[in-house]
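Peer 1: When you get a sec, could you build the whole thing from the sequences and use the hints?
Protein chains: 2
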Amino acid sequence: MASEHIIKAYDEDLKRLKTFISEMGGLVEAQLDQAVQAVVNRDVDVAQRCIATDARVDALEQDIENFVVRLLALRQPMAGDLRNIVAALKIASELERIGDYAANLAKRTIALKDLPQVQPASAIPRMARMVRANLKDVLDAYVDGDTAKAVSVWKRDEEVDEMYTSLFRELLTYMMEDPRNITASTHLLFMAKNIERMGDHATNIAETVHFQEVGTTIKGERPKGDTSAFTVVAPPRGESAEKR
Amino acid sequence: MASEHIIKAYDEDLKRLKTFISEMGGLVEAQLDQAVQAVVNRDVDVAQRCIATDARVDALEQDIENFVVRLLALRQPMAGDLRNIVAALKIASELERIGDYAANLAKRTIALKDLPQVQPASAIPRMARMVRANLKDVLDAYVDGDTAKAVSVWKRDEEVDEMYTSLFRELLTYMMEDPRNITASTHLLFMAKNIERMGDHATNIAETVHFQEVGTTIKGERPKGDTSAFTVVAPPRGESAEKR
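Here the protein sequences line up with chains C and D, keeping their order. Note that this note's numbering has the first sequence beginning at 1, numbered continuously upward. Note that this note's numbering has the second sequence beginning at 1, numbered continuously upward.
Derived by calculation from the structure, the hints in this document are not laboratory data. Please note that the accuracy of each hint is not assured.
Said to hold, decoys possible - Facing chain D, from chain C, some residues (calculated, C-beta under 8 Å):
1. ALA111
2. LEU115
3. THR183
4. LEU189
Glycine is no exception: its CB is placed at the ideal position from the N, C-alpha and C atoms.
Peer 2: Listed below in structure tokens is the structure:
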């Protein structure tokens, strides 16, 4: 990895690229914080801010792409650096998607505002904070080239998936108990799915960091805890609908 | 765009890259066909084939990335070609996600197999065929450098979004009418969302093709018909639960 570059400006460019990614990562972290805050406090203003931030994240991704194209054209980097540059492009794309999901979380908070609160809602910020921690760690892993940290994020995604699958079941049960819970629970289901997908994208970044540093993929099958696509929940017999 | 390359091998490489994308596109189209077939016929074998194809799609994306890195290192392409090469990388990533969504559709077909059939299910293959047509057109637009076709795909995504939003409401109503519909309807909701996301990724490809050919983004705001994140559906008063 430690090839020395003769041209100082080139080194500066590579550093600049890393700073770009950190900046974008920081913005997406802020978006996720806003989304959590919006969920916890049912705060529409914060939700709107989170949605608004998305345009800046998108613009930053475009800036990074333009910067990469210029860097490739001007510096004609060799193999090792090329890997890093392509990695930055991929990470920017993953961050952009995480930002999208955060904005979608915020949008659904607005829909939930005037609906009856359903109890499993409290799991959403808990799950989001888990992914938030993973995102922070994977961005640190990228900046420090810390593969151990990347692997640890990669492993921890299983917890997020498991939490999602259990929340999926719980929300379906809630819907069955009282039809008045259905709209709110459906939004919560999609919010949970959004968070689970954010976790996947953090995991993708972990894989990219690992590949960039070590040149191999993370050993072993990717842990897969989200089995919700196969989940079937039966309504409780007889009494469910009368409860309301 | 039509800069002439002195080295014939370089031209061959650029052609090879385009063939790579077409190959990957064809595979993802096949996956989507399999997913539709699995939904229509409740066919678990076809669903399994669709899920299995995903590994080949992922491997192809990795091949394309490796090929691009080699191409950048060996040929040191200039600005116009660089744009095309970065575009290919982006399109491969969009196709990979479409493949993921197709596999998820197939997985949910397996969960639906033993559940009572709910009527809005018929909208799923209709919606999927719409996206399938958009995917075909945008791949053609890429191969032929046909910006008009790319713009037309971009515009048609609004129909997909609208269909999704209306299906979202319909499925929520179904859930409210009978709790026994809830699990099946939830899977259908996620299936509809998967298809809507596939449509978004086809739209992203359309934008990339347009940018690559013309050097500007598609004019005007991206049409946004998916308002489901803000949707609230109230349960029918009194009689809903007794229907079963």
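Peer 1: None of the hints should be skipped; say for each whether it holds.
Peer 2: Taking the hints in turn, this is what the structure says about them:
For ALA111/C, the suggested interface contact is upheld, since its CB lies about 5 Å from the closest CB of chain D, less than 8 Å. Interface restraint check: LEU115/C against chain D, minimum CB-CB distance 6 Å, threshold 8 Å, status holds. Interface restraint check: THR183/C against chain D, minimum CB-CB distance 5 Å, threshold 8 Å, status holds. The interface hint given for LEU189/C holds, since its Cβ lies 7 Å from the closest Cβ of chain D, which is under the 8 Å cut-off.
Of the numbered hints listed earlier, not one is contradicted by the structure.
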